[in-house]
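There are 2 protein chains.
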Amino acid sequence: MPFKKEVKTRDRHVKNLAQIVGGAQSILYHKEDLLAYDCDGFTIHKHLPRAVVFPKTTQDVAAIVKYCSENKLPFLARGAGTGLSGGAIPLNDEVIISLVRMKRLLSVDLENRRAVVEPGFVNLKLTNSISDKGYYYAPDPSSQYCCTIGGNVAENAGGAHCLKYGVTTNHILGLEIVLPNGDIIEIGENGIPDSPGYDLLGLLTGSEGTLGIVTKITVRILKNPEAKQTVLAYFDKVSDGSQAVSDIISAGIVPAALEMMDKTAIKGVEAAAFPVGHPKDIDALLLIEVDGISAGIEEQINQILEVCKNRNVREVKVAQDEKERASWWANRKTGFGAMGAISPDYLVQDGVIPRSKLPEVLQKINKISEESGLRIANIFHAGDGNLHPLVLFDARIPGQTEMALKVGSACLQVCAEVGGTITGEHGVGIEKREEMRFVFTDEEIKAQTDIREVFNPDNLLNAGKLFPTPGRCAEIKNEMKAAATS
Amino acid sequence: MPFKKEVKTRDRHVKNLAQIVGGAQSILYHKEDLLAYDCDGFTIHKHLPRAVVFPKTTQDVAAIVKYCSENKLPFLARGAGTGLSGGAIPLNDEVIISLVRMKRLLSVDLENRRAVVEPGFVNLKLTNSISDKGYYYAPDPSSQYCCTIGGNVAENAGGAHCLKYGVTTNHILGLEIVLPNGDIIEIGENGIPDSPGYDLLGLLTGSEGTLGIVTKITVRILKNPEAKQTVLAYFDKVSDGSQAVSDIISAGIVPAALEMMDKTAIKGVEAAAFPVGHPKDIDALLLIEVDGISAGIEEQINQILEVCKNRNVREVKVAQDEKERASWWANRKTGFGAMGAISPDYLVQDGVIPRSKLPEVLQKINKISEESGLRIANIFHAGDGNLHPLVLFDARIPGQTEMALKVGSACLQVCAEVGGTITGEHGVGIEKREEMRFVFTDEEIKAQTDIREVFNPDNLLNAGKLFPTPGRCAEIKNEMKAAATS
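Chains as they are written, first to last, in full-length UniProt numbering: chain A, 1 to 486; chain B, 1 to 486.
Hints were generated in silico from the structure; no laboratory data involved. Please note: incorrect hints may appear among the correct ones.
Stated by the list, open to error - No more than 35 Å apart at the CA atoms, straight line, and that leaves these computed lysine-lysine pairs for DSBU-like: (1) A/Lys228 to B/Lys317; (2) A/Lys133 to A/Lys66; (3) A/Lys164 to B/Lys223; (4) B/Lys103 to A/Lys164; (5) B/Lys309 to B/Lys237; (6) B/Lys103 to A/Lys223; (7) A/Lys103 to B/Lys357; (8) A/Lys164 to B/Lys133; (9) B/Lys228 to A/Lys446; (10) B/Lys223 to A/Lys357; (11) B/Lys164 to A/Lys133; (12) A/Lys164 to A/Lys323; (13) A/Lys216 to B/Lys164; (14) A/Lys309 to B/Lys228; (15) A/Lys446 to B/Lys237; (16) A/Lys357 to B/Lys216.
This is chain A alone, in the form it adopts within the complex:
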């Protein structure tokens, strides 16, 4: 237990913050304690915060923010730290405001399909709290067993089932927010179907912690579908698999999830914690789930089986029971981590393309891999064209980290060139600041930084993220992206 009974430091700001937040039990400031907060799921860049405070209430957060603002101390908010683009990494000796102690489920209103949670409430716990009554919360990032809904809002997190149900922003009905000046505002609490005024709810959702700190969240909850059914299809050729994806959508089916893995990815997941016996010599697999009213499911499954057969599927099977279904999903959802079984390091990328460009883009990514000498595994949400190239590398070999970043960037450039974009659900953070230029003109970036200026005029809140701004972070940017932007 790293918390001390007494605050012993010469840093008067740390002392003052401790007092605001309720004493030494609610602040970390020793270097050894801060090490756990020097990065998030984007581990390539690390930097220590000045301190980490653990507020328990909105008023605590507002008071901390007010103190930081008045004393010009940089600060940022952090949930579970599972973000993949570096949004919660301190770049400027920030005071980190950890929201993990604000983790209550405040209310559930089944009749109006809403729940109110604090930002530190873990995603999966919401579904677990209401599943016995037949309801669930739809956004399901792979990290849902530990990531927080506050972090999901900041990053506008997605997940496998977002093809049918939409990403986080489609499920947020209201937010309480502490603005960078310490003001508390509530927005869109009644945001159905179109709340008056500007869509601040949409603006704040996915703003990556740069406009305000979310302290309370009203989410939409959904009734469990009456039935679901899951199909696994093995293909000898990637092109057949990607064509099947197109055919399924063209047939008018909107699966709840439509996931794809390529050969390298399959090798990884089969070597990791949840192998399910995928053949090792196939080139691609599709994991397809449909849900809805029982009566409609069988027809959709038959259509899907038909499509797969027409695209030369080697083998296709329907999950025989919930246990088999769950094993397929565990195998898929731990896919990124599974890369550890076949590579010392990996970098996850996150591009989006028009579905019709899937075969072309996978081929180009393959070429990038061949030319760079780094393997790339692909595990992704094929149904909505959201790619996740996993660049495998070994950080101990000089130059490989830089090469991996360069390869990741090149994959995003391919996505942008075919009319896609540079992130589907992981955010920009510090990882993809320069790549913003692939998709936005200077005027378009300025329209956005002008908005940041309104909320965050002193740029104390999570500075240096999201935009390719010049200034204090130039060194880091240069260090990280020299290769990628050359």
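We have chain A already, so just place chain B on it with the hints.
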């Protein structure tokens, strides 16, 4: 044809604008021509514009905007003028930029489910252009046969089928926008599922023409459902009808549309252009449509019939063919206009409530009607709690217009008090500026006007709309709302 061959006026700005936009064939400036532009679907306030210009290209729009901006001329954009809250009404001698000549369907990409249109393209024409290939555009405001998609974006328009499919913002993938300084930016063109940076797409959609002028729109198109089926249910008691709405949603059914009409509304539609023989002595009817895969439809319809029976339905019937279904919808969709058959004037309101509050709120609205002596008809999207009280009055009787505004405002106050809000799809415009205070604090309004300031620093674009700002429009506000805000 009001257009002249030569521009004959002493107003040098009109002359200059004519030159920019291509001559006298593209500008109106005589008082008798301007009369058609002194209001929109909100007819209670009228004011003449300075001129109306008709650009044909984005470059035209940018040049007009630049000219207005440099010469400090107030300006605003206008589509078909069907808006119901006064968003297109000039308050400050604006130059109206009419977008009706920018009405091309630029491209259709069925494979990736997108279409690109100009802002003056009429909503229903999009569905008509792609229906033979099995596709459609979902947002369906009742005015869809004449309203433009540009106007739909400005107001974030809804429609009967938005219960299942979402409002306009859920179907917009990209926008080209002329900013108030004349810059042209493109946002979110690849917005699937979550584009990088701030959600400007969401911010601009529904901003009621106060942040920029939309000149190109990329929309999502959907595959026609395999089947649809429509039910009409007559109830002797409103409370049974509203309870049935709750029961249907609780059963896990998400109908494509779930509409309600009360006795006064039924009297109106049966006296107007598309009567279908609804009994005149019922208290409420529900019009319910489900769509999806054929196999699932029958089961849902049976569940709905069961729910209605349990709630003492007097009669319930399923549409026997497309002709009958279309007649029911025509009867519903012309409902607002039908009020003209039973009242010289009417004011449409547009509040949102949590579904569970439906019986309570309808009772309160009834009480407001009794106390004021003005009849209120209710035709509305019951499934998503989006009410449309239609306040019936006679403008020739002194004081009735003011009373109608007061009654409308009181209905919105009831909505706000039960945790709802003041607009579901019609926008705030000039009509509901003061009512913004029912749902937003000063800080929350300031966060929004600060954003307007970023885009629109000189407040030349559509000034005086959307927010209860003090200043030049105070007179109008006072005149209109004296009673309502007392």
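Evaluation of the provided hints:
no., hint, result
1, A/Lys228 to B/Lys317, "holds (31 Å)"
2, A/Lys133 to A/Lys66, "violated (41 Å)"
3, A/Lys164 to B/Lys223, "holds (14 Å)"
4, B/Lys103 to A/Lys164, "holds (32 Å)"
5, B/Lys309 to B/Lys237, "holds (13 Å)"
6, B/Lys103 to A/Lys223, "violated (41 Å)"
7, A/Lys103 to B/Lys357, "holds (29 Å)"
8, A/Lys164 to B/Lys133, "holds (22 Å)"
9, B/Lys228 to A/Lys446, "violated (46 Å)"
10, B/Lys223 to A/Lys357, "holds (20 Å)"
11, B/Lys164 to A/Lys133, "holds (22 Å)"
12, A/Lys164 to A/Lys323, "holds (23 Å)"
13, A/Lys216 to B/Lys164, "holds (27 Å)"
14, A/Lys309 to B/Lys228, "holds (29 Å)"
15, A/Lys446 to B/Lys237, "violated (56 Å)"
16, A/Lys357 to B/Lys216, "holds (23 Å)"
Hint check: violations occur at hints 2, 6, 9 and 15; the rest are consistent with the structure.
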